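Participant: Chains Y and U, in that order, give the protein sequences.
The working numbering numbers the first residue of the first sequence as 18 and each following residue consecutively.
The working numbering numbers the first residue of the second sequence as 399 and each following residue consecutively.
Just to be clear, a hint being listed does not mean it is correct.
[What the hints assert, rightly or not] Here's a subset of chain Y near chain U, in silico, CB distances under 8 Å, partners left out:
{"#": "1", "residue": "A63"}
{"#": "2", "residue": "Y94"}
{"#": "3", "residue": "Q334"}
Hint data in this document are derived by calculation from the structure and do not stem from the laboratory.
Please read all numbers here as calculations on a predicted model, not as lab measurements.
Glycine included, each C-beta is placed from N, C-alpha and C at the ideal position.
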Amino acid sequence: MRKTTGKLIIGLVAILILTICGWFYYSGVMERSAVSSDINPISYEAHYAMITADENSPLWNAVYQSAAKEAKADGAYLEYMKNDSMSDYTMIDFMKMAINAKVAGILVQGNGSDALKAQIADAKSAGIPVVTMMQDSTDSERVSFVGVNDYELGKTYGQEVLKHVTDNTKNILVLLDKEKNQEETSLMYTQMKDVIIRGVGDPPIYSVSSQLVSSENTFDSEESIRTILLSDNRPDILVCLNETNTESAYQALIDYNMVGKVQLVGYYQSNIIFSGIENGIISFTVSVSADELGKQAADAINEYKTMGYVSNYISVQLEVIDSGNVGTYKTEPSDSGGDSSVQ
Amino acid sequence: MYSKKSTAKRDTVCWKDSITTRLLLAFGATAFIFLVVNILMFIQINNTIGRIDSVYSSNVSLNQLSAALGNVQDNMLSYLNTRGSDALNEYYRSDQEYTDLISRLNQKTTDSERDLLEENIYNMSNTYLDRTRSTIQAKRGRLIETYKMTYAETAEMYGYINTDITKLNNLLFKKNADSYQALQQTLRYMELFSLGVLTAVAVVMMFILILLIRSITRPLAHLAGTANKVSRGNFDVTLTEPAVQDEVGVVQGAFNGMVRSVNRYIDEQKETMEEKLRMNERELMMEAHLKDAQLKYLQAQINPHFLFNSLNAGAQLALMEDAEKTNVFMEKMADFFRYNVRKMSEDTTLGEEIEAVDNYIYILNVRFAGDIHYTKTIEDGISGFATPCMVLQPVVENAINHGLRDVEGEWKISLGAGKTGDGILITVKDNGIGMTKEQIRSVLNGEKVPDKKNPNSTGTGLDNVIKRLELYYNKDNLLTIKSEGKDKGTTVEMNLPDQK
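Just chain Y, with the same shape it has in the complex (with noise of 0.2 Å):
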């Protein structure tokens, strides 16, 4: 009897153990499941916004990692303002959606619109500093610009361009952004020209040139570069200056069989483009670091709110990318939709 009495105990302890054994593995599942998610997110003090033309472009996705990671740093979240499926605001949308929910401090990619001359100065009388990034929105009443200086940029292409001119370069042409702040552009491209002009004495041995190529779709760009490189006058150089253009060009100088008659120089930094790098085709691309935009970026916002002022532009580096160097960024994301571009 005592045997079997112990028997039985031993028998209602394993049944229990196994019980409370599986009361907690059937908690840990419902733990790890979608029920309970955003049961513990993490607190913030302040609340940023970025707002950028297009928030799909992965160099802007990058941008705002970096911005995030520092922003998170000083206790700051940073809200990346994106349309759906089922929005279709535009940056004025979004200035105004974010002055209205009284956030802390807004990142914006700039430009030269009035309208958003109005917004920042509207965040501004509401107490939100505006940082403007890649593009200043000039004579606007933001508190920092931090991007890339035109005349810095134009110097770069001018002198990565001159190292792969050869004695049959005749005519190097450069594909300027129609949509774009044409002012700026042309600083950038006279600085470019200047550089290569000057760069192989007097008088020239060929010459440099732009057109106007609209990218507010891949249809028009890819028709346009189509028509130059069939063109009799196809350049032996062709300097593209966003990343739209670039991609266009490299896949059409593989379909019309023009791959080692034209030099094509790039934008930004994808995987398309390091492939073309890789392969030749591509000579060099020039691109921001993305992280250093959005750290500056977030740092200005963070300095401004802690100290009252900031400096009134704060320069990111440029990064020229070619067949030497390709491998260290080959981790960088992604080949995915959008259009970036330098102004």
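Fit chain U to the given chain Y structure using the hints.
Facilitator: For chain U alone, coordinates are given in the frame of chain Y:
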């Protein structure tokens, strides 16, 4: 041998050991475990459903929020169109309702998309409400341009807020869908878990039941085996005491008691049989001694029947010749011998024994010319006391032949008989030569053989009397001899127990 208490304990089933209790415990424990497991499962299911409910309730809240926002916008527009007090009141009411509703939204900045949307809705709603109040104020102040402008702004904000509410609603719906899938998954886990636990419980409980049933049937099988051996007549079985005082234990205890009782009864029967055998043997021995006494008597008396018939004839002759004394003498001689012949194999009474002694003394006194002074003291009411035949006369004869024969002077014999606690005491005392202790011991041990060649002996010796008394009464030391020494006489005492 069990005491009454232990027997009673053995016959009673302790409720703790009872098979009923054990079965109830086993099945009760099973039911309890099943109940607990099911309750735990119900709790988990309720938790899961509760979580889903909470998400759905937030959807419901958002719909209310959207409706309240629409009311604010509609009532503001209504007031702007009509400037009526009812519309104004409705506006204030919807303003208050919306303010209450948005106060429930998250107002802190977190990295949760939901929290962020709620925070944005809350802040935009506050800005929107401020602007609607300004619009109402401007309308009341008839600042037409101002309220037109601010109305346009509120309409724009209304759109922004509604978009965010819709986004939040969609987000929650998406979470609902995820939650539903998660619920399905967790419910599948729950099914497996339940199945596993219930199977394990069933297996364990089956194991316990097997143990329980074996603990009941094993003693029964053992008991059946033992009972079979006993039924075949083998009572020399090893009886196992029950380990548990349950119903089977009680039956086993009762069976053990029965086997022990049967064994005890058999032992008693054996003892009785042996006792009977011993008694039969004693009777046979007694008969042998009687035969022996009779043989000795017959050897001593050539033909007693002839003798006492002759004596009777002599007595009648003496009567015819008017010799009365001779007649009496002859009759007493005849009575004495007739008694010897007739009574030797039968029980007799103390009275007849004393009469035989009287006759014997009378005969001797005739022979020895009245030298023997015989006295007797007999207590009344004991003459019917049953005694073996011919035990008293030989003692008297022994006293005369060995104690008095060589004594010069008067011979005295006294016979006494009286009741004791459990029988009678007969005393034969003489004033003869007495006996030493060694002589007494020899006579009592039967070492002293009577003088068979003595012509005066009737043939029955003292050792024969002693043995017949022992056989008759089945008791030793009934006859004792006392003497204070030489010429101090001898006293023989017979302590005869009452055979009734």
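Participant: A separate judgement is required for each hint: does it hold in the structure or not?
Facilitator: Quick rundown of the hints versus the structure:
1. The interface hint given for A63 of chain Y holds, since its Cβ lies 7 Å from the closest Cβ of chain U, which is under the 8 Å cut-off.
2. At about 5 Å, the closest approach between the beta carbon of Y94 of chain Y and any beta carbon in chain U falls short of 8 Å, and the interface hint on this residue holds.
3. Look at Q334 of chain Y: its Cβ only gets to about 30 Å from chain U, farther than 8 Å, so that hint breaks.
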